[in-house]
Structure formats: C-alpha cells, structure tokens
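Please put together the full structure from these sequences, using the hints given.
As you go down the protein sequences, you meet chains A and B in turn.
Heads up: the first sequence begins at 66 in our numbering, then just goes up one per residue.
Heads up: the second sequence begins at 1486 in our numbering, then just goes up one per residue.
If you're looking for bench data, these hints aren't it; they were derived computationally from the structure.
Small disclaimer: the values here were computed from a predicted structure and weren't measured.
Every residue, glycine too, gets a C-beta built ideally from N, C-alpha and C.
Treat the hints with care, as some may be off.
Listed below are several chain A residues computed to face chain B (Cβ distance under 8 angstroms; list not exhaustive) [what the hints assert, rightly or not]: (1) L125; (2) A130; (3) L136; (4) G156.
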Amino acid sequence: MTSADILLLALGAVAIGAAFRVVRTSHLVRAGLWLVVTLGAVAGVYLVLAAELVAWVQVLLYVGAVVVLLLFAVMLTRAPIGASADLDRPGWAGALVGGGAALGLGALFVDGYRWQKVGLPAPGTAEALGAQLFQHWVLPFEVLSVLLLAALVGAIVVSRPET
Amino acid sequence: MNLDQFGNDPWWLILIKVVAIFAFLVVMTLFTIWYERRVVARMQHRPGPNRHGPFGLLQSLADGLKLAFKEDIMPTLADKVVYFFAPVISTVTAFTAFSVMPLGPAVRLFGHSTPLQLTDTSVAVLVVLACSSMGVYGVVLAGWASGSTYPLLGALRSSAQMISYEVAMGLSIVAVFMTANSMSTSQIVDAQAHGQEVSWLPFPLPGWYAILLLPSFLIYFVSAVGETNRAPFDLPEAESELVGGFHTEYSSLKFALFFLAEYINMVTVSALCTTLFLGGWRAPWPVTLLGSGVNHGVFPVIWFSIKVLLLLFVFVWLRGTLPRLRYDQFMRFGWKILLPLNLVWILLLAGVKVMQGSAVPAGRKVLIIAAVAVVALLAVTLWPSRKAEPKPGELPPQEGGFPVPPLDLAVPPSPHLKRIEAQREPVSVGADSEESS
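And the structure:
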C-alpha cells in the first residue's frame, strides 16, 4: 500500500462522511458547508491522481461558485441560525434510493474489474484534457452547452416581469 | 524557465521562503494602509497620518496593536463555530494565493540554486483563482454567522458580486493563456521577455501583454477592483447603506484579520496583474537598455515591488476619485458589458491565432480582417436601440426598472399648513413688541 493509496482512502472517507452529514444535519447553511467539504475532498482525490487541472477547476467551479450560489439562494429565502426542525421529511425513501444506487454501482464496478490492476494514466495536463474533450467528446460537450443555454433561457422566462 | 526547477528545495529553504512571503505580505499590508491614507489625504488637501514615526509610517502598526487590545465581542445570536472560522478562511486563502507569484529568476541562496517563488505548477494561475473563489466563503459566512441583518445583506451582495466579477476576471486571463501557451506564472513571465514576431509586420510587437492584449488588461483590472470589494465597487461594506457590511459585528483581532485579508487580496491581484500583463519581475523597457544585469540578483524583486506599488496607487486613486456605484448598475456593468466584450475579444484573438498558424497568403488575411471589421462596424451602427418611446398616457420608463422619484420634483404645499396659515391672525411688528414689553 503506497502513500497515494492511503491518501485516496482517507479522502474518500472524508468525502463520504461529509456527504452523510449533508443529508443528516438539520442546520440549513451547515449542510451547504458540509457539501463544500465533500467537493473539496473529491478535488483532493483528483489531485492525488495527478489530474491537476481537473482538481483546481473542481475547486474553482464547484466549491467556489456552485455552492456559493446555493448558499446565496438559501440566504435570499431564509437562512436561520440553528436547527430548523420543520424542514425535515421522513428519510427512509431517500435512504432507500441512495443506498440502492450506491450498492448497485458498487456491485457493478466490483464485478467489472474484480481484482485487475489498472495502471495510472499520464498526468492530466490541460493539453491532454483539451485534446480528449474536443476530439473524442466534442458532441456531449456541445450538447451540454446547449442544455445550459436552455436553462439560462428558462431562468430568464421565469423571472421576466409580466407586461 | 522550466517547471523542473521547482520542488527540489530542502525543507529549511521552503520554510525560509514561506516566512519571507508572509513577512512581505504583512509589511506590504501595513505599508499599503499608510500609503492609501496618505494618498487619499493628499487628494483631499489634508495632511493624513503624520504622528507615528517618520511621515507617520508607523501609523498602521499602532492601529494594529490597538486593535489587538480591544474587546472581542461574540454576538448572542451568532453561529459560534462559523463566526470564528470565517475570518480564518479569508486570511488563509489570501495568503495561499500569493505562493505561486514569481518574485524573481533563479538565484543562489545559501549554496542552493532556487527560483524566487515558493512554488509553481502547470496550472498556477488557476490556483490563484481558486483561492480567491474560496475567499468568498470568508465574507459570506461572516455575514451569515453574525446573526444580524446588515451583515447578511452585505454577505448576499458580496457573494453575487464576487462570483460575477470572477467570471469576467477568469475570461480576461484566458487571452493571456492563449498568447503565452501556458498557465504557469513563471512561464507567462518568460513569454513576455521578448517581443512577438509577426510575419506581416516589419517590427516585433511589444512583449508586455498589457500592450499586446490591452482589452484583457483593462477588463482584468476592472474586475480585480470588483473582486477585492474596493471602491467604487465596495458594495458589500458600503458604510452609508449597510453600516459596515459583512464585518459589522466583528471586533478586535477578528476584524483585523478581515482587514489584513482585504489588503493582501489587493496586493495579490496587483501582483497577478504584474505577472500576467506587466512583464512580471523583468525590468521595464528603458532600464533594459543598461544591460542584462538589471534582471539578476536582488533587482527583479525591486522591479516587481515598484510595479505592484504603482498598481496599488491606481486602486487608491480610484477610491479617492469615484463615487460608489448603485447595485443594479454594478451588476449590469459586469454581466452586460464586461462579459460580452470579453467573449468577443477572445473570439477575435482566437481568429488571429488560427490565421497566424495557417498558410493563407498575406493578401487574403488582410481581406478577412477587413471583412470582420466591416461586419462589426455594421453590427454596431445598425444595432436597434432598445429605448422604446413611451406611449401616450403611460408612465415614462424608469431607471433600470426601479421606481425612482422624478428629478424635477416640486413638493406641493401641505393643505394642513394652508389651513393653519388661514386661521392665524395677522400680526404687526409694533403690536408684537408692545405685548412683550
């Protein structure tokens, strides 16, 4: 077991533990903060796997922008300090779906790879990533951008004052 | 400069560099506070701080010491843990961002050849951006955790503001990445060392990206002012609207940490601006004529500091000159002017890059450029103006869709006052003086 393995395991444990706190805590804003820890740990996983660009983009976009926007939306409506018990729902349905998905995916991966060893690919430089993205994955990339555009247009339509 | 030079230092050398950068930033903060107060005072025809030390240089040190002895207040309604961590997040991210700034070339230090830079990676500029986006948490959480209205409003403003201007800032740096073919700070400085040769121009284009990529430079600086919450974009802490903004409830050393983080962020964006656009630690043009010796030894640090101080002066200058923008003006400026301008400019630059690499004959290149210019000109002149005439009987369009009072508002006399005046008996001056005597 190398130090990279140990780091990966530790970061994975942090990510899962924080993710559990996201859904379990009854403090609204603290749930968002635990989400930051989860996404940060995932960025750490990328960094250990030598994918520098993806790691920093993860920090820049998910930690730095997406969750801040989430907190922004929460604070615009209500952001009570302390627990908000009235926002709770019975958790068994979510637990069932989440646990089922995790177990199913885990089983799929374990069955797919068994005990094969897969070598670490070359470090994920910006150049390699760009070549992959714009040669092999250009169609999904463009479709995603159209999806984002649709979301943008939808937001404008929803928020437009009625005249 | 090759990235292999980094990561070979012994641990004590790394420690020395860390302490040196920490000291540099703290001293720069103390100096910048004094510098700002003196410059603004000069602009307003008053002396400014001049009591502590020569020229008042020790004023910020005295203020810092005084802050440390103030009472540390914990608001009753605050979220204690988050309230404590918010200033820590602000300061730590501010210090971390500076670790990739190149202060000079490789030098010999205690028998080791090492670059004057803590570290560098192939994506170093992204590290700075990531740190500044993490710094938003310090502000947002400080405002929320205070459990008070004004700080919460300041936090809301700052989160929207910093995210918006980060987009513009990131896009303005894209042009630098495209020109330098690198995202590492030391390599970007190297790329600006020599002028760019263009086949159809008789002379090389200047090396500094501030000249070569002027629109990017301007957009970067404007968004840097927005990103650091400085006047005229200091809406999160607008004292006339929000008391103190996000740090209203903070006192003592926690407040000092926010203050420190703000000034370090200013130094960092200025240093990044120097690195990306002003040739980094390299000597400016007339000085380079003296020979290559000006880029060795301790001189690079001096050039770097001079450039950073000049940019800091511009920050202070803006603060001393411009009034604060209204919030909707500010957001509109970011999203509807800076961002589209940036995108068009990047598209244009990418087109030029592609043409440079292709084997199109020079005559057709000129033709293509002329065609693009004509299309742009037509688009600008024929763009329909969006100000529709108000229909008769309709209210005139209001500024930004917000109800504002008309500027030529004449206040009608109150009917109540009229009645009082009618009931009052006319009195003469003589009668009045008789009564009182």
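Right, here's what the structure says about each hint:
1. At its closest, the beta carbon of L125/A sits 5 angstroms from a beta carbon of chain B; the interface hint therefore holds under the 8 angstroms criterion.
2. Here the hint on A130/A is kept, as its CB sits about 6 angstroms from the closest CB of chain B, short of 8 angstroms.
3. Because the closest C-beta pair between L136/A and chain B is about 6 angstroms apart, less than 8 angstroms, the hint holds.
4. Nearest Cβ of chain B to the Cβ of G156/A: about 24 angstroms, over the 8 angstroms cut. The hint is violated.
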